[in-house]
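S.K.: Each chain, written out:
2 protein chains.
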Amino acid sequence: MESEKIEVISAEEDKHGGVILTVNKSMDSLFFASKLKASMSHWKQQGKKGMWINLPIQHSNLVDSAVKAGFRYHHAEPDYLMLVYWIPDTPDTLPANASHRVGVGAFVINSKREVLVVQESDGRFGGTGVWKMPTGAVDEGEDICNAIVREVKEETGIETEFVEVLAFRQSHESFFQKSDLFFVCMLQPRSFDIQSQASEIEAAKWMPVEDYAAQPFVQENELFDFIAKICLTKLDGNYTGFSSICTSTSSGKRTYLYFNNDTIASHLLASKHE
Amino acid sequence: MESEKIEVISAEEDKHGGVILTVNKSMDSLFFASKLKASMSHWKQQGKKGMWINLPIQHSNLVDSAVKAGFRYHHAEPDYLMLVYWIPDTPDTLPANASHRVGVGAFVINSKREVLVVQESDGRFGGTGVWKMPTGAVDEGEDICNAIVREVKEETGIETEFVEVLAFRQSHESFFQKSDLFFVCMLQPRSFDIQSQASEIEAAKWMPVEDYAAQPFVQENELFDFIAKICLTKLDGNYTGFSSICTSTSSGKRTYLYFNNDTIASHLLASKHE
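As they're listed, the protein sequences go chains S and U.
full-length UniProt numbering numbers the first residue of the first sequence as 1 and each following residue consecutively.
full-length UniProt numbering numbers the first residue of the second sequence as 1 and each following residue consecutively.
These are computed hints drawn from the structure, not numbers from a lab.
You may find that some hints are simply not true.
Said to hold, decoys possible - Straight-line C-alpha distance at most 30 Å; calculated DSS-like pairs for lysine-lysine: (1) U:LYS68 - U:LYS37; (2) U:LYS253 - U:LYS153; (3) S:LYS48 - U:LYS132; (4) S:LYS15 - U:LYS253; (5) U:LYS48 - U:LYS25; (6) U:LYS68 - S:LYS25; (7) U:LYS132 - S:LYS49; (8) S:LYS68 - U:LYS37.
As the list claims (entries may be wrong) - Simulated restraints on C-beta separations: (9) S:HIS42 - U:GLN219: 41 to 47 Å; (10) U:ASN146 - S:LYS68: 34 to 40 Å; (11) U:GLU220 - S:ASP79: 20 to 26 Å.
C-beta: ideal position from N, C-alpha, C; glycine also.
Work out the full structure: start from the sequences and follow the hints.
M.R.: This is the structure:
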């Protein structure tokens, strides 16, 4: 058979009975199609389940051949497209694509009960005169408790320390079909001189927290109003959010766990070996 | 000029100064390339910033032309690929792709201090004899508090009611470069007869909670051990997680806010007009 003479595409086996093919050199689409056919036949004989193709964008001429061979899209990032093909006749158990974007908002309060606020030059609140808490998106691979410290620094120049997650909200269809998780974090300021350098920030200042909460855009929005009330309750010492603790898993990865450590911190920390 | 005679691709303007082109009929890739060139020139003249192409998988023959025209990948789902091109000379302000998958785990406890546990037939714990809490992935567009009720029902047949999020953890590179948020939820059982129908579940049962926490896979994993201690503390009435409240935003969307309602529930609920 023709396909048996053609070399298969270099591949790496994964831990779930699958195999990941990586295309790392340019080739003609017909040549790729025959290599792919040989590879599919080879991995099917090996009893593999999921076959993945990681296709860098510079080889976009090969996308069509993969789709014609039965592959479907799984996910894409700016520089590559991941395609997948499920070999068995049973329903696939392939992992879903990432479904959520994650955002953070900062409640930074100084000892004069002033909250750190910004005016945005763009987006939903651009040009509205609204003073809002600094917000931003969590980068891929970034921890929530670090992302919010970075955002506050970028937008206002203020150094802060993460205290806790006060609340979070989940919303849907925020961007095409994707969902969104937004974490409101309380931060302790470690510096006080505002120096805004971010292009999307028009102005930044310290504002009495009651003035913040009295703004119409807060009062007229049920969600913003709730969040402001939570912040005020926290400020009066009557609220506990989720603080973070860094734990290590069996595989050696370090991950943050967020929980209410009001009553069990001493218990948990006593048993933690760092 | 040639391109001026060619009809532009049908497009819809978005709220951020961008435009989304949708390809909804088959065409030759050269014809598409010239239509795309005309469209790019048209939207540039209109002062647009981001140009998106939503390309259904059946038109995979056109991917290469879009990339050659300067588009890059933004994201993909099984049935389409989204490409984007930033027209201005300034750095792009395009929204990032979804970065996180979201999972849920259930702490379901009956009045005899027994926790609902399962043995999985596949994956990391398949064939290990480990009794673990039911877990699963949150579907796109699904609320955390509903996803966990669905998962428990699918895996054990037990009807439950969401009580609160006890804790959550964030981890990275869980799947290719994507991050992962996992929410541990406490649920109140509303039925007690176990009927497991999910193919990935080997067995399910009610297990004394102390026996659950004493299993080596829990004790030897810092994170699992923490979570078990949080559950036990909750059970003894000394812990408050985040419960959920459904709020409506100005755009009429309904979103869940998760927060500690131990001290401010009455205050917040009093001002909530449902």
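S.K.: Hint by hint, say whether it matches the structure.
M.R.: Structure-based check of each hint:
Annotation: proposed proximity of LYS68 of chain U to LYS37 of chain U holds, straight-line Cα distance about 11 Å (limit 30 Å). For the hint pairing LYS253 of chain U with LYS153 of chain U, the CA-to-CA distance comes to about 27 Å; that is within 30 Å, so the pair holds. With a C-alpha separation of about 28 Å, the suggested pairing of LYS48 of chain S with LYS132 of chain U holds against the 30 Å cut-off. A threshold of 30 Å between alpha carbons decides the hint, and for LYS15 of chain S with LYS253 of chain U the separation of about 40 Å lies outside it, so the pair is violated.
Of the supplied pair hints, the one linking LYS48 of chain U and LYS25 of chain U holds, its CA atoms being roughly 24 Å apart against a limit of 30 Å. Our distance criterion of 30 Å between C-alpha atoms is met by LYS68 of chain U and LYS25 of chain S, whose separation comes to about 17 Å. Proximity of LYS132 of chain U to LYS49 of chain S is assessed by CA-CA distance (about 26 Å); at most 30 Å being required, the pair is judged to hold. As the CA atoms of LYS68 of chain S and LYS37 of chain U are separated by approximately 26 Å, the hinted pair is consistent with the 30 Å bound.
With their beta carbons about 43 Å apart, HIS42 of chain S and GLN219 of chain U fall inside the hinted range of 41 to 47 Å. A beta carbon spacing of about 39 Å between ASN146 of chain U and LYS68 of chain S agrees with the range 34 to 40 Å that was offered as a hint. Judged by the Cβ atoms, the range 20 to 26 Å given for GLU220 of chain U and ASP79 of chain S is violated: they are separated by roughly 39 Å.
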